[in-house]
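**Q** Protein chains in written order, with this note's numbering: chain G, 1 to 349; chain E, 1001 to 1315; chain A, 2001 to 2396.
Calculated directly from the structure, the hints in this document are not laboratory data. Mixed in with the good hints there might be a few duds.
[As the list claims (entries may be wrong)] Here are a few chain G residues that face chain E, going by a calculated C-beta distance under 10 Å: (1) Met14; (2) Val67; (3) Asp136; (4) Met182; (5) Val184; (6) Leu188; (7) Gly243; (8) Arg349.
[Said to hold, decoys possible] As a list, the in silico EDC-like pairs of lysine to aspartate or glutamate whose alpha-carbon atoms are at most 20 Å apart: (9) E:Lys1312 with A:Glu2311; (10) E:Lys1196 with G:Glu36; (11) E:Lys1312 with A:Glu2257; (12) E:Lys1196 with G:Asp44; (13) A:Lys2183 with G:Asp246; (14) G:Lys258 with A:Glu2257; (15) G:Lys15 with E:Asp1006; (16) E:Lys1312 with A:Asp2056; (17) E:Lys1196 with A:Glu2319; (18) E:Lys1224 with A:Glu2257; (19) A:Lys2011 with G:Glu36; (20) A:Lys2027 with E:Asp1170.
Each residue gets a CB set at the ideal place from its N, CA and C atoms; glycine is no exception.
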Amino acid sequence: MRDVAVVGFAQRQMKEFEGSPTCVELLVPIFAELFEQTGWTKDDIGFWCSGSSDYLAGRSFSFVTAVDAIGALPPVMESHVEMDAAWALYEAWIKIQTGEVDTALVYGFGKASAGVLRRTLALQLDPYTMTPLWPDTVSIAGMQARLGIEHGRWDARAMAAVVAHSRTSSLDNEYAVLKGAMSVDDVLAEELYADPLRRSDCAPVNDGAAAIVLAASERAGEASTRPAWITGIEHRVDPLHLGARDLTRSPSAAAAGKAAGSAGVDLAELHAPFSHQELILREELGLSENTRINPSGGALGANPMFSAGLIRIGEAAKRIWAGESDKALGHATSGPALQQNLVCVMEGR
Amino acid sequence: MRVDFDYTRSLGPVLSQFMTGLRDRRILGGVLSDGQVAVPPPEYDGSTHQPVTELVPVGDEGVVQTWAWVSEPVDDQPLSVPFAFALILLDGADVPLLHAVAVDSPAAMETGLRVKVQWAAETRGAITDIACFVPVGASEVVSTSSSTEGSSITEGAVTTLITPVNLAYDYAASPEESKFFRGLAEGKILGQRCPKCEKVYVPPRGACPVDGVPTTDEIELPDKGTLTTFCIVNVPFLGQKIVPPYVSAYVLLDGADIGFLHLILGVDAAEVRMGMRVKAVWKPRDEWGTTIENISHFEPTGEPDADYDTYKQHL
Amino acid sequence: MAGIDGLNHRKTLAAVIGVGQTHHRAKREDVSIAGLCREAIDRALEDAGLTFDDIDAVVIGKAPDLFEGVMMPELYLAEALGAVGKPLLRVHTAGSVGGTTAIVAASLVQAGVHDRVLTVAFEKQSESNAMWALSVPVPFIMPVHAGAGGYFAPHVRSYIRRSGAPGHIGAMVAAKDRQNALKNPYAHLHNEGTTVETVLASQMLWDPIRYDETCPSSDGACAMVIASEAVVDASDVKNPAWIHGTQMRSEPTTAAERDQVNPHAGRAAAAALWKQAGITNPLEEIDCAEVYVPFSWFEPMWMENLGFAAEGEGWKLTESGATAIGGQLPVNMSGGVLSSNPIGASGMLRFAEAALQVMGEAGEHQVDGASRALGHAYGGGSQFFAMWVVGAQKPA
């Protein structure tokens, strides 16, 4: 395996993005910031890969216009996944492993505010036996949360602690859309919204985009003084059907974490769009009491669809660059109730 | 902006039996390789990956295993008033079914609650034939809406399923595009020049596709130009707003470096030529909005055709 | 821009060891989406002599989700694809997606990460209406678009003007591909008696494109198993299709003075591909090609774009019969996209048909002795390209 590192990360997030669903206007300044960070130009990038969704934008081929932000003449080597951009990062990491390229720029974007997100996501379910009922994301998460509560795997207080920690941590994150010091009791004082969930147990619906630059060891030193070296990146998927798996667990997260070597990380950025999902992930990834969780505030502070997972990897890498962490993981999830999970473990050297 | 379509789904053997059962007010589960019965039946066994072939009837009563309260139902959910989504283990099944339970408040819901199917007034071979579940012993609720899912096959096997997907989106333009459309509302065609390559884009762009920077310097373009290439559309299609046959052409406005597609009228389709000089025909001013459709179409100016060399790099 | 192959890192050799496809039809009403995919997958696994348990990872591709009205259908398909507990990737790069998906699957092996990867691409167009899904009216945009045909027809007109090609070339391509399809039991269209004359007599849809010069709308899927050199060498697979090179390139959809007839991205991808595969004269060294030709005129256009002919000369290859089976460079022996077009799978079918040729498994449409073949896909408004070269021998 070649040594590959995260050497650049930029993001923009907001409650509602005023521009087009292609998010080109967001990507232009993000790319500019990455070139400033790395000292590179587009000609230094060997491979481009993005993650986005047509159904989020409400039109076919929504990713096509985003290519304009690259300035893709002369043509570029480029690919796209209909997934969170964390999986685009995986594809880019693979491309670098083949030896065909030494560098890659990965981006994700989405304007969830254009539609009714919790309804749109019902289209991710079984189209024959589930989608016609339009089960919304919050209800599915609520059923998962209740199972855990009633089986004694967690309680409302533990969930509230996740929320309070997120809101407090988000104070330091200029891109978080939900932030403010909060105690566990403050959270518990809120009324229930989708019993057993409070609104604050749910990630906000917001817009945004993000991008990461990867480089192989031959080039990483040019762009960063302390690159975040990827020591393991793995992803797995569970069955979709809610009855076909134990919803209080996430076997795919556990398997990805184990394969990626998540043991011993001192910091983890977890993509948990609902508070109890952070509790599941902590256990499945074997994170200890000493692991610093979501210093960015995590997805409960801001959860831009199709880039939120990539942002977790970027936020973790940032802490390594800054010397705050020696071994960190970034996690991404996709699908209902933590169906699909990716873990990227990085080290500073 | 609306994205509405009624999808026609063919079902295959397993789902066909399941949907036929629902149409006939029977619920079928699939027998898995470990002997467990799953509702709805999966098409393929999770362990052996082989097709599930044996379907068995299960009860129309069951027990709530978990649930969540839907305080603000979204469009097309089984009930339009607050209700619960639940995983329900039907009698005789080992894997629970996701469906709605009609109760008045979360206080009336609990895990372990026994519930029974309430069939829709008319069953059509869809999961929505189960209107919802109600607590055993409770009176049936009045169904809120008739199902639009399903097929219209009343006898024999149900083999297809109609699934309407209706989504609404707010559509916004980029700041550069917005200027263009506001210009159109005043009868002006505004382009912008890329600060790097100096090409004039119309409409202006959030990113020059060659340089990756927004176009900037504004240029008002004439409503006259050269038709570079075109096709004659003879084929009708769903959602089409112009009746065929019509000519769809790239028009390169004088001073612009990129053409855009528009409609050509005022000339017999057979007379349309590459290089033809054309001008915009605007709709009456009181019909103008922030849209390219303010220009009804383009028509020939009567000038001599442009020399091929003047537009060949735009093909 | 890119690192030089092999300079820093030796790529793992990879080969196609199993190919499967569905019988493509306008409506496959006998199967669900999962059933359609499984028809291709089960055939590919059987061809490879493997089961789901042998597979390390699954890569799936399809065109826009609006076609089937399922957002990221790989999530619901995870069980049917045998992907549970494994890595599952979903690729979407417009019409080129089938090719890109195969390339991503190959790269998982070439990177040394996996040994046996299953890849599948599908489209069940009959669930909706492609013209609708591609032309959902967007506010502010002039609604003159009429699906893919309406998009590409003006560029075909430009090609005819630029090359001076005679008007019957498109009909020659259509007649050839429809005749080839008669030799392919999986092809959607089996139109007996299609000739240049019957094509020319068919209705003009998007002038200059006639009805018989357009692709059908199909339900279908294609799957392949790609394995590492170590696995192939240790197996009893006798006829793997070794992957000699893969390339993908993209360019902007609308850029000032973008060449839509002979797009830069296609030329760049082809040049890089020939170099990677050690090919200096593609017309001489490639034995046959499966090229993405959804409208007949794209055959001569892509012959030029791929470097098989000089600019403006591609139509001469078609006219001379060089692209027919038995000619110098048979093109679309399977009947091509003109005879079967399950959009998301169409690119992978090109890649898979190229593999079948060098495996010697193409049946009635086999090109005798084919040892190196091209698979090609493009998408969007001719701005996305994916292509590979496969060979009967390991790359030199």
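**Q** Now tell me, hint by hint, if it's right for this structure.
**A** Hint check:
no. : hint                     : result
1   : Met14                    : violated, 13 Å
2   : Val67                    : holds, 7 Å
3   : Asp136                   : holds, 6 Å
4   : Met182                   : violated, 22 Å
5   : Val184                   : violated, 22 Å
6   : Leu188                   : violated, 17 Å
7   : Gly243                   : holds, 4 Å
8   : Arg349                   : violated, 33 Å
9   : E:Lys1312 with A:Glu2311 : holds, 15 Å
10  : E:Lys1196 with G:Glu36   : holds, 18 Å
11  : E:Lys1312 with A:Glu2257 : holds, 9 Å
12  : E:Lys1196 with G:Asp44   : holds, 19 Å
13  : A:Lys2183 with G:Asp246  : violated, 50 Å
14  : G:Lys258 with A:Glu2257  : violated, 51 Å
15  : G:Lys15 with E:Asp1006   : violated, 32 Å
16  : E:Lys1312 with A:Asp2056 : violated, 51 Å
17  : E:Lys1196 with A:Glu2319 : violated, 44 Å
18  : E:Lys1224 with A:Glu2257 : holds, 19 Å
19  : A:Lys2011 with G:Glu36   : violated, 32 Å
20  : A:Lys2027 with E:Asp1170 : violated, 34 Å
Of the numbered hints listed earlier, those contradicted by the structure are 1, 4, 5, 6, 8, 13, 14, 15, 16, 17, 19, 20.
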